[in-house]
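Residue numbers (the numbering used here), protein chains in the order written: chain A, 1 to 305; chain B, 1001 to 1305; chain C, 2001 to 2305; chain D, 3001 to 3305.
FYI, nobody ran anything at the bench for these hints, they're computed from the structure.
Note that CB positions come from ideal geometry on N, CA and C, so glycine has one too.
It is possible that part of the hints are untrue.
[Unchecked claim] Each pair of labels, with its calculated beta carbon distance range:
1. C/E2268 with D/G3048: 43 to 53 angstroms
2. A/F7 with D/D3012: 50 to 60 angstroms
3. A/R25 with B/E1268: 39 to 49 angstroms
4. B/P1068 with A/T127: 22 to 32 angstroms
5. A/M277 with B/D1029: 23 to 33 angstroms
6. C/A2174 with D/E3223: 53 to 63 angstroms
7. C/R2182 with B/N1239: 24 to 34 angstroms
8. B/A1082 with D/S3185: 54 to 64 angstroms
Each chain, letter by letter, is given below.
4 protein chains.
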Amino acid sequence: MSEPRKFPPESDVEKLFDDVNNRGRWGPDDELGTLNYITSQKRVAAAGLVKAGRALSIARDLNTSQSPNNPSPVRHTMCYQAHEPIGAIDEIALGMHGFTLTHLDAIAHVYRGQDVYNGRNASVVATPSGLTYCDILAQKDGIFTRGVLLNIARVRGVPWMAPDQGVFAADLDAAERLQRIRVESGDAIFVYTGLQKRELTEGPENLGQRVGIMPDAIRWMHEREIAVYSGDCVDAFPNPYSLRYAIYFHAVALAAMGLILLDIPALEPLVEICDAMGRSEFLLTMAPLRIKGGTGSPVNPIALF
Amino acid sequence: MSEPRKFPPESDVEKLFDDVNNRGRWGPDDELGTLNYITSQKRVAAAGLVKAGRALSIARDLNTSQSPNNPSPVRHTMCYQAHEPIGAIDEIALGMHGFTLTHLDAIAHVYRGQDVYNGRNASVVATPSGLTYCDILAQKDGIFTRGVLLNIARVRGVPWMAPDQGVFAADLDAAERLQRIRVESGDAIFVYTGLQKRELTEGPENLGQRVGIMPDAIRWMHEREIAVYSGDCVDAFPNPYSLRYAIYFHAVALAAMGLILLDIPALEPLVEICDAMGRSEFLLTMAPLRIKGGTGSPVNPIALF
Amino acid sequence: MSEPRKFPPESDVEKLFDDVNNRGRWGPDDELGTLNYITSQKRVAAAGLVKAGRALSIARDLNTSQSPNNPSPVRHTMCYQAHEPIGAIDEIALGMHGFTLTHLDAIAHVYRGQDVYNGRNASVVATPSGLTYCDILAQKDGIFTRGVLLNIARVRGVPWMAPDQGVFAADLDAAERLQRIRVESGDAIFVYTGLQKRELTEGPENLGQRVGIMPDAIRWMHEREIAVYSGDCVDAFPNPYSLRYAIYFHAVALAAMGLILLDIPALEPLVEICDAMGRSEFLLTMAPLRIKGGTGSPVNPIALF
Amino acid sequence: MSEPRKFPPESDVEKLFDDVNNRGRWGPDDELGTLNYITSQKRVAAAGLVKAGRALSIARDLNTSQSPNNPSPVRHTMCYQAHEPIGAIDEIALGMHGFTLTHLDAIAHVYRGQDVYNGRNASVVATPSGLTYCDILAQKDGIFTRGVLLNIARVRGVPWMAPDQGVFAADLDAAERLQRIRVESGDAIFVYTGLQKRELTEGPENLGQRVGIMPDAIRWMHEREIAVYSGDCVDAFPNPYSLRYAIYFHAVALAAMGLILLDIPALEPLVEICDAMGRSEFLLTMAPLRIKGGTGSPVNPIALF
């Protein structure tokens, strides 16, 4: 059994926040953040990854069942049309975040204190009628880039990581070596720790005790210039820091780096297809709904092989 | 000024329904309909269209303003988090269809009488808890294929078509000739009649008087084996037929052909970029939300050049 | 142990529907149904029942927890106001009927076949934008009348009735005798069978096996000219009749009599206070929300003693 | 033309807040506020006001039309039931406050700074899952008391008051004299300034310029021990004070007095019936929906004569 993770002091996280801060990097009005790494050339190259012509959704179904991990489920209503209906219509209502919906975060979704990406202040950005800066609409033209799966459970030699573990920079390096691939500027990475497999055996994840991305791995992501982070682990719980860093990974990624986060992907089928095809890379395509002022959007990301 | 369109008798539409019917073509349990035309090879070839690396959304913003053409607008609510917020969260509620939301239809969304695609019956398929067959979830792996813009307004030599006009097979043929492109099996076509340009001048479209796809154009689509239809015109209004064909294009396309329909795209920016780049074809990517039982889904389709 | 209930043949229910039909009784355009029994004099007399000045809610809390008996729970959302909030705001979303919400039915809520109260037809009355006749708005001036508790469990000498039992006219007569009260024109009756007490012991009610109001008790209600029916039992399940009478009590009460139904009251505290005060009668006050076209409304009925 | 209103300095409002503060008056855990004035005797006496047996709703219809004064309208959806429907069902979604919905406020709905009624602090009381103290559920047993209409427009001799006017204590005194009635402990008062009549002529109210209850009238209400305030005027706009008193009447009434507020009543029909019957007093009955944690509730108050 491995040791539980150890966290650096909060002062290190403060320093990290400054070190990886992309404020001003793409101009004072930039709302794309790390999507700027996805250049035209990157897109063309990513398109070249479609060799077998196979497509796979890596989203979960919208979850309409209430449970402790899904207290406010999606509401799906079939609507009245007529007594001689010519078709069927319906409505949905959903919250953007939480632990069951596959979704993209708007860059201004999470703050560090009141700090929002690119030097903005939350009290100005977040209003009752929506975000006025770095809302999800900023990502309207979608994400089309190389996706890379990094199988950390395999690196560790376990079917799944225990909830008191963390993903360190060394794990990411090791995954690259094991998989013989190198993460490059503009990539979307998918970090796999085996969570859904664990849940099949041990039951629904305890939200108070979660595998986390460790601070040095955030620095790694900055240095590698990734455009999108996704994975079955994000912020460690219990949170070792103050309210300022209550969800430190989201806070640093969004408010400092402007790093695009794809939360709650469905990774098991992705691992299976990657293993079956002997590949770690694929074309990733996804686009948020065009919600002006929105803090995020449900999405259905597609991996193409 | 051109003559108003003339419609064939309803008996011709009945015959059309049978002639273009794909019932059983892909097996008795098929739920993909014309998405079957998008083969692995088609996907690989479509990826090859990404030459400049440019991406463009062809969705409209979710519309939260009530108007006669948008009686039940999207509801966007910023939600309570805490008195010392660490971020911003929100919810949306929306209906799947209508005239302002860019959305994909589930194949079982519209019936011909009680007839649903592939020999199913609406009274069994459409239940209070959702569609049990050919729901939007059937399209979960998304659409990745060649998109082709067909500029019918240009064929006609007008900035926009008048609301009493129709798009005939001959128009589609003429667009191919003019644009020097040929629609092929598995393509997604985007038929442009200049509607949004007309609305800028003449005000919001009168929903009771709409340009329509004419029956012979539906037959053309069947023969060409298109996978997806999209455009700024769909069913003609006023409707010339009985309740059985109240929206005849949707009825034939969905209930007979299993043709995937992308309603309410934003075509003006697509026309502009096509003109600017001298292209009529592009890679189209989109994927519906994974709504089990859903009759459709909001989407944000992306065109790649 | 008593015998399970026996139902008369459906032909008897057809006859009952005609016998108790109030069609035309209060004019061809009447939308009040049995609320017509509540005359000005009845209201004045009912006010006279307020002797002790005690008030008691007989509604249940809105239920936001999903369960088999509450598949689509009320959704309660705290909303965003500002970073320096001056107060708290929220939203609710709810369906009007079901088994957990205390609610009033609109008279046109349930049909017999396509028959709606006072000779109307459902295909005309029920439209996608709401009921055009006998909606809940028709009851906008509220209900202010005498309420009478009829304790059938006590008549039967049991703490609660078993789910295969029924409430017959003879039970209502027996309750009157035992409680020394007589139900009169314009009264609201509350029939108690001990359901909530049973649920405390045996768990949530099985919706497929429910105590029911028997057809002869419906006739009794008609003869006594009650204005409002409420109780912890309504339609018997499993349903012994065809789809035409799938919920026969609702069908006869609403579509024939125009009898106002208050579903899912909270009767335990009412029984307690009645027992404690040695009373079976009280002033009942309640009023639906003014929902134009609505099929019902959540309410909070108040009993005054 | 009369002079525009003049406001006392904010220091006077601070003093008012302390002078009228009911903190501790009904115990440290009281959640009823001024409803404590409605004693059993008060209820019995109020019941005696029902002499003619007439009932009148003083709510507005739920408003589903979007407009500048109703930016987030009530959403009413007819729901899918079956292809052979046996009835009609629907859903509503609504926000609790605003300028078009007749609603009761929870006492903790508005703060003075972070101060909530009875010495509580907003950061503890208002949580993402609802109010933990003085929510609308605290008022679950409803309001049953004497209502008194005070016609200030008539006192002033105008059909309606201009938007730069205020209602002073002297106006309330004058109305009592003119109408020969005296407001007493436990009463619900309805202050009428002719707003809806003005809107018929001048168009929808400008929310930035509203008739207001003046601070000395708040003191009057405290001295008279009213239980409920309602009226077609509340807080004056533009607001003369700091954010601490952004809506000073709500802040003082709710956070200091625990005074129950019934916002957005429909007063025109009430004025008409009072005039027709030569009465200024009536029995008022209403009860909020039982929303645990709720900040308010839509209601349909009924006046009985």
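We went through each hint and held it up to the structure:
Separation of C/E2268 from D/G3048 is about 30 angstroms and departs from the stated range, judged on CB atoms against 43 to 53 angstroms. As the Cβ distance of A/F7 to D/D3012 is approximately 53 angstroms, the hint placing it in 50 to 60 angstroms holds. Evaluation of the 39 to 49 angstroms hint for A/R25 and B/E1268 yields a failure: the beta carbon distance comes to about 32 angstroms. Taking the beta carbon of each, B/P1068 and A/T127 are about 28 angstroms apart, inside 22 to 32 angstroms as hinted.
Against the hinted window of 23 to 33 angstroms, the Cβ-Cβ separation of A/M277 and B/D1029 comes to about 27 angstroms, which satisfies the hint. Roughly 55 angstroms separates the CB atoms of C/A2174 and D/E3223, a value that falls within the hinted 53 to 63 angstroms. For C/R2182 paired with B/N1239, a C-beta distance near 60 angstroms fails the hint of 24 to 34 angstroms. In this structure the supplied range 54 to 64 angstroms is violated for B/A1082 paired with D/S3185, their Cβ-Cβ distance being about 39 angstroms.
When held up to the earlier numbered hints, the structure conflicts with 1, 3, 7 and 8 and fits the remainder.
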